[in-house]
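Student: Each chain, written out:
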Amino acid sequence: MNWVNAIVQGILLGGLYALFACGLSILFGVIRVVNLAHGDFAVLAAYLALLVVTTTHLPALATIVIVAPLFALLGYAGQRLIIQKSLDVSPLTTLLVSFGLSVVIQNALLVFASADSHSFDVGHLISASLRITPEVSIAYVSLIIFGTAVALLIGLQLFLSRTAMGRQIRAAADDQEAASIAGIDTHHVFAIAAALAFASVALAGLALGTYSSFDPSAGPPRLVFAFEAVIIGGLGSLWGTLLGGIVLGVAQTIGAQIDPSGGVLAGHLVFLAVLAFRPQGLIRARLAT
Amino acid sequence: MRVTRSRRSALWGIVGALVVVVALATLPYVVYADVTDLLVNAFILVVLASMWNLLAGYCGLISVGQQAYVGVGAYTVLVLAQNGINAYVAIPAALLVSAAVAVPVSFLVFRLRAEYFAIGTWVVAEVFFLALVRVRSLGGGTGTALPGLALIDPVLRQAVTYWSALAVAGAALLATYLLLRSRMGLDLTAIRDNELAARSVGVRVTSAQRAVYVVSAAGCGAAGALLIISQLNVLASAIFSVQWSAKMIFIALIGGLGSIEGPILGTGIFIAIQQSLAQLGAWYLILLGSLAVGIAMFLPKGIWGLISSRLHLQVFPVGYWLHRQDSPSPLAGEPLSSGSRDFPRGQGRGGGS
Numbered sequence: 003m004n005w006v007n008a009i010v011q012g013i014l015l016g017g018l019y020a021l022f023a024c025g026l027s028i029l030f031g032v033i034r035v036v037n038l039a040h041g042d043f044a045v046l047a048a049y050l051a052l053l054v055v056t057t058t059h060l061p062a063l064a065t066i067v068i069v070a071p072l073f074a075l076l077g078y079a080g081q082r083l084i085i086q087k088s089l090d091v092s093p094l095t096t097l098l099v100s101f102g103l104s105v106v107i108q109n110a111l112l113v114f115a116s117a118d119s120h121s122f123d124v125g126h127l128i129s130a131s132l133r134i135t136p137e138v139s140i141a142y143v144s145l146i147i148f149g150t151a152v153a154l155l156i157g158l159q160l161f162l163s164r165t166a167m168g169r170q171i172r173a174a175a176d177d178q179e180a181a182s183i184a185g186i187d188t189h190h191v192f193a194i195a196a197a198l199a200f201a202s203v204a205l206a207g208l209a210l211g212t213y214s215s216f217d218p219s220a221g222p223p224r225l226v227f228a229f230e231a232v233i234i235g236g237l238g239s240l241w242g243t244l245l246g247g248i249v250l251g252v253a254q255t256i257g258a259q260i261d262p263s264g265g266v267l268a269g270h271l272v273f274l275a276v277l278a279f280r281p282q283g284l285i286r287a288r289l290a291t
Numbered sequence: 396m397r398v399t400r401s402r403r404s405a406l407w408g409i410v411g412a413l414v415v416v417v418a419l420a421t422l423p424y425v426v427y428a429d430v431t432d433l434l435v436n437a438f439i440l441v442v443l444a445s446m447w448n449l450l451a452g453y454c455g456l457i458s459v460g461q462q463a464y465v466g467v468g469a470y471t472v473l474v475l476a477q478n479g480i481n482a483y484v485a486i487p488a489a490l491l492v493s494a495a496v497a498v499p500v501s502f503l504v505f506r507l508r509a510e511y512f513a514i515g516t517w518v519v520a521e522v523f524f525l526a527l528v529r530v531r532s533l534g535g536g537t538g539t540a541l542p543g544l545a546l547i548d549p550v551l552r553q554a555v556t557y558w559s560a561l562a563v564a565g566a567a568l569l570a571t572y573l574l575l576r577s578r579m580g581l582d583l584t585a586i587r588d589n590e591l592a593a594r595s596v597g598v599r600v601t602s603a604q605r606a607v608y609v610v611s612a613a614g615c616g617a618a619g620a621l622l623i624i625s626q627l628n629v630l631a632s633a634i635f636s637v638q639w640s641a642k643m644i645f646i647a648l649i650g651g652l653g654s655i656e657g658p659i660l661g662t663g664i665f666i667a668i669q670q671s672l673a674q675l676g677a678w679y680l681i682l683l684g685s686l687a688v689g690i691a692m693f694l695p696k697g698i699w700g701l702i703s704s705r706l707h708l709q710v711f712p713v714g715y716w717l718h719r720q721d722s723p724s725p726l727a728g729e730p731l732s733s734g735s736r737d738f739p740r741g742q743g744r745g746g747g748s
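Protein chains in written order, with the working numbering: chain A, 3 to 291; chain B, 396 to 748.
In short, the hints are calculated from the structure, not lab data. There may be inaccurate statements among the hints.
[Stated by the list, open to error] Here are a few chain B residues that face chain A, going by a calculated C-beta distance under 10 Å: (1) A451; (2) V504; (3) G515; (4) V528; (5) R531; (6) L533; (7) G534; (8) G538; (9) A540; (10) P549; (11) R552; (12) A554; (13) V555; (14) L574; (15) F645; (16) G676.
Note that beta-carbon positions come from the ideal geometry of N, C-alpha and C, so glycine has one too.
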């Protein structure tokens, strides 16, 4: 029964990874940018939420109403001021710029917040769980994070397929030039996509701080897991990202079940196996996001 | 119109490089060990940055995982030393093992598009790290000492380590120079300037990239061998740290991508910043990171790019020059010939006219 528990926990962990992967997917799918500082921005969001909690005494999860809009603004401004400018130099410049930002964010957090690790105080919720069988129980926190990831993916799907802005984003992602000929302000549209991506990064950061803990160096591993989820699931497919997150999560929990220190390695190996035998990912990408 | 590869300044460059190498080789007789230790560190960084530059500056492949080969090189030396082989003799073995490992790995990571290639290489480095940590005899997660060298007289050991590092750095730069001057160098320069155009005129982009990936891994493996030899111990989490990639990237970016001189200049600047600001702790990395971001955005060819475009200076010329002759030639009316007499060709975006 321990195995069943490992699989259940792995699926729920996949929700967290999908949450992280969402922002990466949007940025790459729409703007063709890989943000190497992705995990560090999530950790930055978690620290920001911590700051809000200590100054306003809001409950930790409520800080999302402040942190997510702030991050959306950051994404909008970052796209117009930094990412677009880097893209104009060369596509690979964005990688170098984001790598530099990653180092800057990690060390700035180290200076202003010390290397101590933190997690959010969510009261009784942290220990509450749904007991299914004597061996399998599901923590409400994990369930909430998984539900958030699914809700976010459904919301994004609806936004991209049903709204005018969503259509503009898909058009600009497909062919930037054609979209701008058709009268779309592609710079604005890209910035909206970046705002969405950063808001989802803020959500991921909060989820990380609730699920486990964070410190200034917690970002890079999250970036790697998010990236693995994207590739396992299949580039450009939102639901593939969720599936990829779940596969990665299950691989890690089963790996850890076999050998307590082997979880992360097992996840990496599954990723490499997918890369070797099914490089297009588990779900074939549909056009545009 | 006459095509040549070098100008007189380049000849002086080669003579100068030889003089510098000979002068550097005599240093252990002249200065104290703290100076040569600093230079060993510098030589390692020159090798790493040059190897990263080969990938990024010429192939358009941004790797964040070259520490995989730094680690493979260091652990190769460790395994051989544990079996009684002299660590200095093991340096070429480290180079070969790293190259051999890079071949199968390249088939995996090359499946990722340029943008995701970076994180793919990082995963590979993590896998190597997580796998090696599990080998108890190699020190596991707590590290282990390099056997054999501690018995040698420290002064001699430091001098030999210094000469090994100088030899590896010299060989890495010479290999880069010869590679770029070869036919493949022309392919690489074409890929650097425009990958799509290169592909369409028949450059075998993927095989050129794979060759460079393997060469770069070999160089990083040799640098890893030097690291374990100079430190006399190895810690898996340190040798496989993404910090090595950060150093390679910052040095190559600041010095100048897509030139041989850039990483050398960048190493000098990096060491100067490190020596003067390292006591600032995290602030030092904040400054360095910001500098790298600024240079990537506003000075994409780095400080060497600025110098060479202003002064028309090249120490290691790998491109071609067109010389205009006064006698009329079929190409005399070519718009290329307006302005200056000599035109560097294939020296980079916007180099030449």
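Student: Confirm or reject each hint.
Tutor: A quick look at each hint next to the structure:
1. The closest approach between the C-beta of A451 of chain B and any C-beta of chain A is roughly 7 Å, which is under the 10 Å cut-off, so the hint is satisfied.
2. This hint holds: V504 of chain B has a C-beta 8 Å from the nearest C-beta of chain A, less than the 10 Å allowed.
3. Taking 10 Å as the C-beta contact cut-off toward chain A, the hint placing G515 of chain B at the interface holds, the least distance being around 7 Å.
4. Checking V528 of chain B against chain A by beta carbon gives a least distance of about 8 Å; that is within 10 Å, so the hint holds.
5. For R531 of chain B, the interface hint is violated, since its Cβ never comes within 10 Å of a Cβ in chain A; the closest pair sits about 13 Å apart.
6. The interface hint given for L533 of chain B is violated, since its Cβ lies 16 Å from the closest Cβ of chain A, which is over the 10 Å cut-off.
7. Annotation: interface hint on G534 of chain B violated; nearest CB of chain A at approximately 15 Å, more than 10 Å.
8. Here the hint on G538 of chain B is broken, as its CB sits about 17 Å from the closest CB of chain A, past 10 Å.
9. The interface hint given for A540 of chain B is broken, as the beta carbon of that residue sits about 23 Å from the closest beta carbon of chain A, more than 10 Å.
10. Given hint, P549 of chain B at the interface with chain A, is violated; its Cβ is 35 Å from that chain's nearest Cβ, farther than 10 Å.
11. For R552 of chain B, the suggested interface contact is broken, since its CB lies about 34 Å from the closest CB of chain A, more than 10 Å.
12. At its closest, the beta carbon of A554 of chain B sits 35 Å from a beta carbon of chain A; the interface hint therefore is violated under the 10 Å criterion.
13. At a threshold of 10 Å, the smallest CB-CB gap from V555 of chain B to chain A is about 35 Å, leaving the interface hint violated.
14. Below 10 Å, beta-carbon pairs count as interface contacts, and L574 of chain B has none with chain A, the closest being about 21 Å; its hint is therefore violated.
15. Contact between F645 of chain B and chain A, as hinted, is supported at the beta carbon level, the nearest pair being about 8 Å apart and thus within 10 Å.
16. Interface restraint check for G676 of chain B: the shortest CB-CB distance to chain A comes to about 8 Å, inside 10 Å, so the restraint holds.
In summary, the structure is inconsistent with hints 5, 6, 7, 8, 9, 10, 11, 12, 13 and 14 from the numbered list given earlier, while agreeing with the others.
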